[in-house]
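Colleague: Below are the chains, spelled out letter by letter.
There are 4 protein chains.
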Amino acid sequence: MDAIHPRFEPDSITGRDPKENPMTLNAIPTAHASHDEHATNQGSPADASSSLDLHRTTSDMRTTRSRLGLQPQAPIVEEHDLAEQQDWWWAKVRIALREPFAEFFGTMILVLFGDGAVAQVLLSTGQKSAPGGNGFGNYQSINWGWALGVMLGIYVAGDSGAYLNPAITFTNCVLRKLPWRRFPIYLLAQFLGGFVASGIIYGNYIDGINKVEGPGIRTVPPSPTATAGIFCTYPQAFDTTAPQFADEFLASAILMFVIYALKDDSNKGQFSASGAWFPLAMFFLIFGIGACFGWQTGYAINLARDFGPRLMSYAVGYGGEVWSAGGYYFWYAPMSWCETSGSAGRRINLLVFRRVPIVAPFCGCLFGGILYDVFLYTGPDSLVNQPWFGLKDLARPKAAILERMEKHKAEGLV
Amino acid sequence: MDAIHPRFEPDSITGRDPKENPMTLNAIPTAHASHDEHATNQGSPADASSSLDLHRTTSDMRTTRSRLGLQPQAPIVEEHDLAEQQDWWWAKVRIALREPFAEFFGTMILVLFGDGAVAQVLLSTGQKSAPGGNGFGNYQSINWGWALGVMLGIYVAGDSGAYLNPAITFTNCVLRKLPWRRFPIYLLAQFLGGFVASGIIYGNYIDGINKVEGPGIRTVPPSPTATAGIFCTYPQAFDTTAPQFADEFLASAILMFVIYALKDDSNKGQFSASGAWFPLAMFFLIFGIGACFGWQTGYAINLARDFGPRLMSYAVGYGGEVWSAGGYYFWYAPMSWCETSGSAGRRINLLVFRRVPIVAPFCGCLFGGILYDVFLYTGPDSLVNQPWFGLKDLARPKAAILERMEKHKAEGLV
Amino acid sequence: MDAIHPRFEPDSITGRDPKENPMTLNAIPTAHASHDEHATNQGSPADASSSLDLHRTTSDMRTTRSRLGLQPQAPIVEEHDLAEQQDWWWAKVRIALREPFAEFFGTMILVLFGDGAVAQVLLSTGQKSAPGGNGFGNYQSINWGWALGVMLGIYVAGDSGAYLNPAITFTNCVLRKLPWRRFPIYLLAQFLGGFVASGIIYGNYIDGINKVEGPGIRTVPPSPTATAGIFCTYPQAFDTTAPQFADEFLASAILMFVIYALKDDSNKGQFSASGAWFPLAMFFLIFGIGACFGWQTGYAINLARDFGPRLMSYAVGYGGEVWSAGGYYFWYAPMSWCETSGSAGRRINLLVFRRVPIVAPFCGCLFGGILYDVFLYTGPDSLVNQPWFGLKDLARPKAAILERMEKHKAEGLV
Amino acid sequence: MDAIHPRFEPDSITGRDPKENPMTLNAIPTAHASHDEHATNQGSPADASSSLDLHRTTSDMRTTRSRLGLQPQAPIVEEHDLAEQQDWWWAKVRIALREPFAEFFGTMILVLFGDGAVAQVLLSTGQKSAPGGNGFGNYQSINWGWALGVMLGIYVAGDSGAYLNPAITFTNCVLRKLPWRRFPIYLLAQFLGGFVASGIIYGNYIDGINKVEGPGIRTVPPSPTATAGIFCTYPQAFDTTAPQFADEFLASAILMFVIYALKDDSNKGQFSASGAWFPLAMFFLIFGIGACFGWQTGYAINLARDFGPRLMSYAVGYGGEVWSAGGYYFWYAPMSWCETSGSAGRRINLLVFRRVPIVAPFCGCLFGGILYDVFLYTGPDSLVNQPWFGLKDLARPKAAILERMEKHKAEGLV
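Protein chains in written order, with UniProt numbering: chain F, 1 to 414; chain G, 1 to 414; chain C, 1 to 414; chain L, 1 to 414.
Because the hints were derived from the structure by calculation, they are not lab data. It is possible that some hints are incorrect.
Intra- or inter-copy, both count: the list cannot distinguish identical chains.
[Claimed, not checked] Below, a list of computed lysine-lysine pairs in the BS3-like style, where the Cα atoms sit at most 30 Å apart:
(1) 92 to 407
(2) 409 to 392
(3) 409 to 398
(4) 92 to 392
(5) 128 to 211
(6) 392 to 407
Here chain F stands alone, though its shape is the one from the complex (with noise of 0.2 Å):
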């Protein structure tokens, strides 16, 4: 779900591949350079002084994306013209949005797949006319469904550093210098794919839907007719609350210590993730978190994955189960409250927060990437690898964020 180090940006002190680097890219050319007339437009501050005109025409768009937060120089080939694409206002747009873009489609092809697979098990079951004679799928097709999600969804994100997820999004502002500034415009991509996704599979599948839930009926868990379960995930039964949060915070701590692992160029022994290999990791880890972490809460481990979907089942007429069930497992804190208070209230408040599937994934990454950084991470780009764990700066907080701003900066990230 994940790529920490997107590809351009331009990391002078770890800088540890140099594919991530466009400075590095240009400086070397390569071995089909001489068949390109107009190789040479992708400037970047190392070759300013030789690309002034170019600089002048892309001066616009690289205050928009600054001001995403994002890299001013989009991540695109050296062989596609940045220059010439700026001719017209939407290439213009789609260079801008380069990657909220692709946050949005990684996340849209994750949760289609995801989703899907639910929606193709659960509106199937026990069908006997299906080859097999029991249904089209099981539980483990649904474990295929998100792991290739994932993986698929992290291929087509490439450029965005494929993270899909805003805990890990989070997660990585905080250890892995990923700019905070970008972090409102991946969590509106990926949430937004989410949703749009999960519309699309409620058009596929309404035909199933009204066949198994009667036309026009949309139950939640644990009506036995439900397919509320489509969208997003309802807890067991026999769950309590505190095993609710102990379990997505276990998944989420597992998925980001891992993908910190495979990324982790120092502690690979011979057996680099980080580059190729990762997508395909990707899918073993999504499948087993989903085989071995899946029962009692349906392994969100993802505010896009769910909150978005539950929103579209909201909205297409699932009522207000979609965020009261499981004993209010949308949302914690306030429960007492909400029970007692009015209903607009309680929908407003419902609408804002949510309590499992939304604060879990983002402690339980955020321990995770603690974990792996405190006892494994030697880089020094980790806020936990300066003396104290960092914590210092709690002291001087204003001193600290700028010197952080300053540091991007100087290393081209915004």
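For this one, chain F is given, so just place chains G, C and L on it according to the hints.
Modeller: Chains G, C and L only, in chain F's frame:
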């Protein structure tokens, strides 16, 4: 199911991979070049002067290939001496029709595994004497069959671009400069591959079919003993026309969208799947489409995989219902006319057109390709990436076509 | 199941991969060559002058290896000092019989996993105390077992070419210049590998077999408690002879056809599976054959995997039905003679020949290989790619054989 | 489960991979070396003169690491400044205990996924409300869980060599020159990893266990509601002692044999799995052991994966039967003594020793390793590959041990 840029198209503008380009291949001496006494015959426009004699001997073949829209020079490694191979008529045919042969066998392998998996699971449903006590496979086996069929089909069809699907060939003609003249020969090869493969499957499983249906009886869903589903797709009984179309459209759009993402070296982050990883990524993509969008219509997403076997099942005696099943699922527009017209006109009509599995994949793939190009693709070769989405060319069709053909010739594509 | 060109065959004409060729290996100093004090002993014809002494010490081994049709020089990396290894008799045996040992253990691993998976699924069928409540695996587990058995067997047998299947060795002798003299020793090694592995499986699962069949009782299908299917294949009861043969023939042809495609570096597009990807691609190929063509006859496709275990099952007491089951599925031609002749001649006959799982894989693999070569292979080393499909040689067999042997010697193959 | 040669062991004789050797790493400047201002602190014996100061600052750490049998220099990429990291006490601990930490977390991930999969499948067996109508997974999910647990555990434990299994560490000490002094700290780390992980799984699934067994009730097979199988292995009821031992022995021998094949660069043909492919090949190996040899005893094959969780299950209240179940499956030799002795001595005895899952994996792994070395391994580092199988050393143990230690020191291993 696809490789957008066949290796040997000397695409001098984008020219991403030196391996794609025989000129580059010739220019860069390989490690074992010194061992080859006759490795220089792979002439290309660039070094025509140095291979005049070879040019002459291969000129008739070049003409044949050009007429079919194929690249003048067949994509064969330099160690295999093209000139020597032309001493005998069959070798000439093999080189002249290299890509169509590759597409034929690639599609054949795809359908052999796909239809074979359906046959095995469907015919052995519920068999108690199987190890495990419940048949020789379940619905997931069918996902495996189609997915690995595509993967192995791509390996078999390597040199042709490995489209294996007319809708993908079509989309590449529209959006990726694949010469239109190649479309008919590829279509024919793909169709024949599916047709022949389904005939082999029928012959192989004829005893099993007789056992399930009764000797000589052949039925089409919703018959409870129907075996026609081995060969082509039949929609679920509850499904109405619009969702059938939507389902196929959606699956095809996802197919094309993800293929374009896998192939886009400008949006890969660190995760390229355009080379050696492509067949494996396609395994997961096709598995996902089967596990997530395979219930309602059986995920045809491919004329060659559905129409070829359907015609074969008609030929071996499954009756006219192979065309009319599912509310004329097969062909949409002239349905009301079909209902009223006599059976002769009806049959002709049904043999020529098909509704959902024919029309929907083309629409879906084209939509998916355009979606990717509009939001994520930055290459200049896409029609969509020209000002006004290339629609200006509609105003001057003749000039646009001529320009395109000249450009193809200049680039050595035809 | 196969690697057409063993790494160390110095095929100076096609010589695709420098890694295949020890001469090339020696010629190109590797990065750590300077660390090796004694890395130059891997003499080869090309540098014989510089390694005269070593030549002498290894001459008896070379003779032994040549007699078996093996390459004079064992395929061992240069860091492992061949000369030093010959101080002790066992090290000499190990080097002299390197490829047969590799084939033996590779086939043993293949059959251990394959027969082990069948044993576990068959013996635990329906066991309610299993996690999940329905046995320890299903038919798909068997697909996994055979597929990963082949994959891991290839890794184990690496240096031998990893054929693991006499039919594939045979086809490579006919079509890919593998010296015929290697065939007997490879056949023996493969047969013994399967024989020993099935004995291990029998010993391991003897308690389970006793539980299912009753102590000391051993039966063959169609007995309802039959466990003979653990060791070798028995056709479905409804199947007649012709489809049995066709099914095995088809599966074997597909096997060989796809292997040749995977190995063909001239038809790979961007998708090469001839190197590191080969074992994984074989996993999918064998899984597919099991999932798509495994029902009717149990996909033997390999004498070593079927005859070896069958003989073992006869030895441990499954009775003569292991040969006669399925209408003498085992051996075809002399069936009528068998029926009438006495039991002694019958048994001898049955021990020497086998029908479907013996004859069909050889026919099928050869057909699949020829099919590939006729339509897609352009290399000059295939018999099929010579004028008149090489049939002219049939007119002068003696001269053709001598020519071939001399050519092999010149290339250092024997 | 294993990586025989940890990356940073400067094995100057075989020295296969320059990446394995930090000296080589330092000698070859990487592409981005010029960006690193402080990349030269990774001193090694070879360039000690140029890093005297750094040597001094790291001397206490080297001593700690040497005492544990670890390589003096921690395996950390040169970009991560070792000297800078030692400003704070925790960073020192992290570097001093790098490999034990890696083994701890690697084994933890392995057991989290493995036990998690068993827990989910076992506790949800037959649950009708699951999508698909039959629980959240089946026996195959458990194969997936253990297989991908090992794969991801290897990624997490990268730098330690990723043994994750005391029996594999042990075999490498005997046959592959791994310093014996590392064995205790690795064993402790692996045991603790399994112990902690099973505690986490227990906490996570406590509600589900209460639901299946009844609140506070904890039972061991053959109780029909037993959940102790989540944590460690219990043999099938029909199994007697000898087959139990044989089954574990066989599975462990196959495990070690195949790992040595995967790691043997001298027997790889074209199929190397010693680098990036290793974790994936291990996935298939563990899947295969589970699918083919997992029925009778539950495939412990690993003390850390069985004894750690067994102790945890004893600690949380499953009672003394966790030790005595299956005819004292746990520990063999003093069984008759146990039966007669009082419960105090009995418990102590049972806590110290274990029969099958403790003894068998060590015997099996050692046998598998020796088998590979005798027949296929040609490297001089194996004990087996010395004249008379290295048994001569038994006559002069003290001298042999001293020689070995000196050699290790000379090679920078301790």
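Colleague: Indicate, hint by hint, whether the structure satisfies it.
Modeller: Hints, one by one, checked against the model:
For the identical chains of this complex, residue 92 and residue 407 are neighbours both inside a copy (28 Å) and across copies (27 Å), given an alpha-carbon limit of 30 Å. In this assembly of identical chains, the alpha carbons of residue 409 and residue 392 lie at most 30 Å apart only when taken from the same copy (23 Å versus 42 Å across copies). In this assembly of identical chains, residue 409 and residue 398 lie within 30 Å of each other by CA distance solely inside one copy; the values are 17 Å within and 51 Å between copies. Taking the shortest Cα distances, residue 92 and residue 392 sit within 30 Å of each other only across copies (19 Å), while inside one copy they are farther apart (42 Å).
When the C-alpha separation of residue 128 and residue 211 is checked against a cutoff of 30 Å, the pair qualifies both within a copy, at 15 Å, and between copies, at 19 Å. Taking the shortest Cα distances, residue 392 and residue 407 sit within 30 Å of each other inside one copy (18 Å), while across copies they are farther apart (47 Å).
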